[in-house]
Amino acid sequence: MSSIENVYICLAAPMLLALLFLQPNWRRVLLFVLTGMTACLLSAYISTFLAASIGADLDSAAYEIAPFVEEIMKLLPVLFYLMVFEPQRKHAIGGIQMIAVGFATFENACYLSGYGAENLLALTVRGFGTGAMHVVCGAFTAVGLLFLWDRLWLRAVGTLCLLSLSITFHGIFNILVNQPGPVSVIGSVIPLSVIGVYLAAVRKKVYIGVDP
Amino acid sequence: MIESYENALQFAVALVCLCVSIGRAMRTRERAWILLSAFYACWTLGDLYWEIFLIFLHITPPYFYVADFSWYASYLLLFLLLRQLLPPEAWRGRRLLPWIGPVFAVAMCAFYLQFGDVASNLVCMALMALLLYHAIRGLLFLRGAADRRQTLLCAAVLVFCAMEYLTWTVSCFWKDDSLTNPYYLADTLLTLSFIPLLPGVGKAVRA
Numbered sequence: 001m002s003s004i005e006n007v008y009i010c011l012a013a014p015m016l017l018a019l020l021f022l023q024p025n026w027r028r029v030l031l032f033v034l035t036g037m038t039a040c041l042l043s044a045y046i047s048t049f050l051a052a053s054i055g056a057d058l059d060s061a062a063y064e065i066a067p068f069v070e071e072i073m074k075l076l077p078v079l080f081y082l083m084v085f086e087p088q089r090k091h092a093i094g095g096i097q098m099i100a101v102g103f104a105t106f107e108n109a110c111y112l113s114g115y116g117a118e119n120l121l122a123l124t125v126r127g128f129g130t131g132a133m134h135v136v137c138g139a140f141t142a143v144g145l146l147f148l149w150d151r152l153w154l155r156a157v158g159t160l161c162l163l164s165l166s167i168t169f170h171g172i173f174n175i176l177v178n179q180p181g182p183v184s185v186i187g188s189v190i191p192l193s194v195i196g197v198y199l200a201a202v203r204k205k206v207y208i209g210v211d212p
Numbered sequence: 001m002i003e004s005y006e007n008a009l010q011f012a013v014a015l016v017c018l019c020v021s022i023g024r025a026m027r028t029r030e031r032a033w034i035l036l037s038a039f040y041a042c043w044t045l046g047d048l049y050w051e052i053f054l055i056f057l058h059i060t061p062p063y064f065y066v067a068d069f070s071w072y073a074s075y076l077l078l079f080l081l082l083r084q085l086l087p088p089e090a091w092r093g094r095r096l097l098p099w100i101g102p103v104f105a106v107a108m109c110a111f112y113l114q115f116g117d118v119a120s121n122l123v124c125m126a127l128m129a130l131l132l133y134h135a136i137r138g139l140l141f142l143r144g145a146a147d148r149r150q151t152l153l154c155a156a157v158l159v160f161c162a163m164e165y166l167t168w169t170v171s172c173f174w175k176d177d178s179l180t181n182p183y184y185l186a187d188t189l190l191t192l193s194f195i196p197l198l199p200g201v202g203k204a205v206r207a
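For the protein sequence lines, the chains are A and B, in the order given. So the first sequence is numbered by our numbering: it starts at 1 and just counts up by one. So the second sequence is numbered by our numbering: it starts at 1 and just counts up by one.
Extracted from the complex, chain B is given alone in its bound form (with noise of 0.2 Å):
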């Protein structure tokens, strides 16, 4: 019952910042806000299609995981718009720290396995590698740069990555249905990372 209230809410922040955003998109016809509604579409209708199922059929789905096929999409949208906000000198070059995202990920990943499907949980690490070591290196770079008003989307794209991994890590140790599960907390904070995005979108198209 708590997992309902908790998805529907996540369904409906995530559902404001789909407006917000498209309302942007309408106006300003700038691609970083259509990948960025993309993106909040992705998770909305990965939420939707979770919550029917659930309330419908009374199960999770049993065999092809449509809601997180969803998920990740959203995970490229996210890399898709730092590739197109960032400027291509950001890309240019040989950095090692930004390589220690992919490590994260994949350490994360050796853990996971305990527990989850090995599908799902190298699908993830690769995305989440990805968009680790893009949004470490764009802070990295745009910490030397002249215009650093990307700075904001880098950090918010960190956040959401490291809310991901805290609602994951927790759901590995909680399983009860009940309000001192922390999982409620993390998966709360998570939505609430949807949130920065906006501002860190909008500061980054006037850049």
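Next comes chain A alone, as it looks inside the complex (with noise of 0.2 Å):
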């Protein structure tokens, strides 16, 4: 058994040594992956406190829970980013995906500790599969909150709907990782899929823009 705040403070210690030297712009970004990191300790707690309260297994937890959870804790620092400096587009579209990065890369470092580094492949595939699924579930996000809609009450509504678009992605990719043998690879090359297409279209100019 390993404790999560124990494997928080050994990676967030030099993160936070590192901000007090660095510079502005190099210091948000750091920022930004400390504030996913926290976010996934904070869901951790949230996750197995509703899990408890319901009385529901690790696994209905893990498929039915987490997802709306992390997702949720995952867009509300990135709401108070949003309302509070009113970054530039560019800006918040980094920040979104740094907190998404800062959210996979405890989430897989929790995993290490709780079963182990010995099998190279399957830590490869689940490294790669965790990390694109936030990515991509920020990346739906991100679109909601920065592109689709001008008026506030359309972008609150939007948002909350590819919040839910992110939550069940979520909840099929948690069920597919899960499960034993080749459905887990499976479950970790489709987020993987999805950035290789969107890759493709940003290279042919083929994306979807849409004016403010």
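Everything hinted at is true.
Cβ-to-Cβ under 8 Å is the rule here; a few derived chain A residues that face chain B:
1. Ile-65
2. Val-157
3. Gly-158
4. Ser-164
5. Ile-172
These are computed hints drawn from the structure, not numbers from a lab. C-beta atoms are modelled at their ideal positions from N, C-alpha and C, and glycine is treated no differently.
With the hints as a guide, bring the two chains together.
Rendered as structure tokens:
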């Protein structure tokens, strides 16, 4: 058994120290990563609490509760950043993605501490899969928040819709990667494929660019 | 078993519609196509989550309804689509007739509460009331308008709502897993009601 707070402190301590010395741009990036990690830690607490309070087992918590809690916890710092600092769009997109990266990094670190680091191939698949899944889910929300709607109420409703898309995508990923055998690999490959399709679309300049 | 096939059919139709809609969104870069793509994506992912849960865990999700949340979001996206494509004048002024939609939704909710849980029925009622009100209001506005090209979209949304209600109502009375269960026919009709949304948006976007 491992305590995720200990993992968090080990990972966050050097980052916190670096924050004191870095230039503002670098500091912002690191702060986003740290925020993502903190959101992941809090998600674990909330998911555990909810699972215990409704008597859900480990699988139900992973498939039904964790996607809700994790996507909402990832969205909250993004909303705070957008509302309080009113950043430029390019900074906001980077921030959302770095929060997702921090979240995925801490989740992978917790997985390593819980299940060991012996099987390199399985960990590589899982590492890339989890990272890709959080980045894709972050991207869904970013599109809603930054591109699709001009009026505030439309943005709120639309973001809620895209949040639900992220939650369902996350739920499907969690079910697949927790199955034994090739299903787990397929689960990890799906978000990587989404990123691949997106990159191909960007390269061919057929991505959707909607004027605000 | 039949439920699995029927879910797979619905997933396949929604996926094809999603691909067509994404293709149009990329070509035209119209916000309406992106909204319709998001609608189909929500529905497709909801179906996929439900199917995967059934296949691997052999039960329906027991605690939080991730798939239901996705389907609720798709209702909201249809509402956003109507708001996006109909002119602002459609929402101005007072009209009594569109309130038939919310009244119908409340009455059906009172009926469904005898069978299902309170929270999901109330959420469905609110979203369907919103959708029915806006679709009827849009149709009434377009009846007197010079440009009526959004009519197909409003009608398609109404048909979609009607098929949803038919599916829910039938599922209250027939539970058996056989081909004679009219639920499967109703759900297939619901699946088919996804298709008219494509020409509906296509026509409205050109308006």
